[in-house]
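Participant: Please take these sequences and the hints and turn them into a complete structure.
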Amino acid sequence: MKTPVVLVTGFLGSGKTTLISRLLEHPDMGETAVIVNELGEIGIDHHLLRRIDERTVLLSSGCVCCVLRGDLADELRDLLDRRDAKDVPPFQRVIVETTGVADPVPIVMTLLSDPLVRHHYELESVVATVDGVHGLRGPESLKQVAVADRLVITKADVATPAGRAGLEEQLARLNPTAHVRAAAFGEVAPDWLFDGAVRDPRDLELGRDHGRREHDHDVRSCVLFLEEVDWTAFGLWLTMLLQARGQDILRVKGLLNVGGDGPVLVSCVQHAVHPPLHLDEWPDEDRRSRLVFIGRGVVAEELEASLRAFDRAARR
Amino acid sequence: MCALCGVILNEHWAEQDGGRRARMLRVALLDRVLGHFGLSLTDWAGGLYVLRDRKGTSAVVRDLGSVWSEAERLLGRKLDPLDAGLVAELSR
Numbered sequence: 001m002k003t004p005v006v007l008v009t010g011f012l013g014s015g016k017t018t019l020i021s022r023l024l025e026h027p028d029m030g031e032t033a034v035i036v037n038e039l040g041e042i043g044i045d046h047h048l049l050r051r052i053d054e055r056t057v058l059l060s061s062g063c064v065c066c067v068l069r070g071d072l073a074d075e076l077r078d079l080l081d082r083r084d085a086k087d088v089p090p091f092q093r094v095i096v097e098t099t100g101v102a103d104p105v106p107i108v109m110t111l112l113s114d115p116l117v118r119h120h121y122e123l124e125s126v127v128a129t130v131d132g133v134h135g136l137r138g139p140e141s142l143k144q145v146a147v148a149d150r151l152v153i154t155k156a157d158v159a160t161p162a163g164r165a166g167l168e169e170q171l172a173r174l175n176p177t178a179h180v181r182a183a184a185f186g187e188v189a190p191d192w193l194f195d196g197a198v199r200d201p202r203d204l205e206l207g208r209d210h211g212r213r214e215h216d217h218d219v220r221s222c223v224l225f226l227e228e229v230d231w232t233a234f235g236l237w238l239t240m241l242l243q244a245r246g247q248d249i250l251r252v253k254g255l256l257n258v259g260g261d262g263p264v265l266v267s268c269v270q271h272a273v274h275p276p277l278h279l280d281e282w283p284d285e286d287r288r289s290r291l292v293f294i295g296r297g298v299v300a301e302e303l304e305a306s307l308r309a310f311d312r313a314a315r316r
Numbered sequence: 001m002c003a004l005c006g007v008i009l010n011e012h013w014a015e016q017d018g019g020r021r022a023r024m025l026r027v028a029l030l031d032r033v034l035g036h037f038g039l040s041l042t043d044w045a046g047g048l049y050v051l052r053d054r055k056g057t058s059a060v061v062r063d064l065g066s067v068w069s070e071a072e073r074l075l076g077r078k079l080d081p082l083d084a085g086l087v088a089e090l091s092r
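Same order as they appear, the protein sequences are chains A and B. Our numbering applies: residue 1 is where the first sequence begins, and numbers increase by one. Our numbering applies: residue 1 is where the second sequence begins, and numbers increase by one.
Calculated directly from the structure, the hints in this document are not laboratory data. Note that beta-carbon positions come from the ideal geometry of N, C-alpha and C, so glycine has one too. Where hints are given, some of them may not hold.
[Said to hold, decoys possible] Examples of chain A residues toward chain B, derived with CB under 8 Å:
#: 1; residue: 184
#: 2; residue: 237
#: 3; residue: 239
#: 4; residue: 244
Facilitator: Put into structure tokens, the structure is as follows:
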């Protein structure tokens with residue numbers, strides 16, 4: 001059985017370490033290994049985690065995304081060796097904490113593409129912390145939110161109700177696929193963050209009113225609803241789209257009706273594609289294909305017209 | 001897995017299902033899409049693709065992800081699936 005990995009991202013000072021520290025104290029957490037990387041204020045993060053959990057592995061230098069992707073894979077492999085040799089407790093989960101300015105995409109790519117890592121680990125979810133007082137800050141913060149499966153609004157004890165409501169609305173517009181929860185002092189139940197379901201299809205029980213969503217920095221989300229889609233045409237279309245516009249498309253997530261008993265679950269984080277998952281059954285009565293796109297300049301009408309044209313061409 | 005290099009266990013994620021029939025459909029659709037941009041594509045032995053431009057330059061590519069990057073290299077520009085002309089052509 002693969003060991004689940006949870007990636008915790010979030011802007012500088014948004015409460016990642018507080019969240020992880022509280023989680024590690026929780027009796028339901030079980031054995032968890034934590035990998036953090038050292039940059040800027042991370043020295044403090046390191047000590048915080050060290051006091052709580054001696055199993056922390058500290059990467060030695062640089063940014064985990066750009067410089068240490070290999071190191072991250074090395075650390076994950078090393079953890080396996082040490083677990084097998086009983087040098088470390090038999091951990092059941094790994095948390096990877098990124099730096100606040102980090103782009104989470106290369107980390108996701110490392111987890112999905114390194115052959116040995118992929119064989120032994122499974123990316124369970126991406127969690128992003130969002131500062132409940134200061135909100136989103138800059139393009140890094142937006143990208144972290146866009147690629148997340150779960151969003152934790154921190155500092156709920158000091159955020160104003162109006163500010164929090166506005167932020168929740170903003171996050172729902174930006175990433176309609178993410179579950180959102182507010183937390184004070186990093187207090188979040190582990191079973192909410194780690195429910196064991198990898199990319200739960202219920203994430204995509206979207207309201208019918210989702211349409212084009214404008215957002216700052218031109219990042220927006222849109223949802224396509226289609227009937228049955230030819231899988232061959234879809235694969236061809238999506239690879240072509242990501243080749244042409246992969247830098248602008250931050251996230252694609254959806255359930256496709258390809259004519260089988262259940263849908264195919266599709267999830268991409270920029271160029272990083274999770275292996276498509278064929279599900280046995282639909283989560284509800286709605287059999288339409290539904291696809292969420294988050295990115296810069298994504299326009300539902302253009303995407304839909306193009307995908308429909310590819311689909312029609314495949315059926316002739 | 002990268003969507004562009006896209007390989008899991010030596011098989012592209014979008015090419016895992018469907019067998020020979022899906023392969024033939026994929027080749028036909030690729031040829032039609034690439035034809036809009038002045039390129040052509042044929043199957044080679046059921047496992048590789050041969051991409052050609054109008055000047056006779058050809059390239060052998062191993063999977064769907066590489067088709068687009070190689071086509072981009074031959075043409076010197078990106079091939080956008082949202083291109084209005086392509087959408088109109090495929091809809092005919």
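Participant: Next, verify each hint and record whether it holds.
Facilitator: Hint check results:
Given hint, residue 184 (chain A) at the interface with chain B, is violated; its Cβ is 38 Å from that chain's nearest Cβ, farther than 8 Å. The beta carbon of residue 237 (chain A) is positioned within 8 Å of a beta carbon in chain B (closest approach about 6 Å), and the interface hint is therefore held. The interface hint given for residue 239 (chain A) holds, since its Cβ lies 5 Å from the closest Cβ of chain B, which is under the 8 Å cut-off. Among the interface hints, the one on residue 244 (chain A) holds; its C-beta lies about 5 Å from the nearest C-beta in chain B, closer than the 8 Å criterion.
Hint 1 from the list above is the single one not met by this structure.
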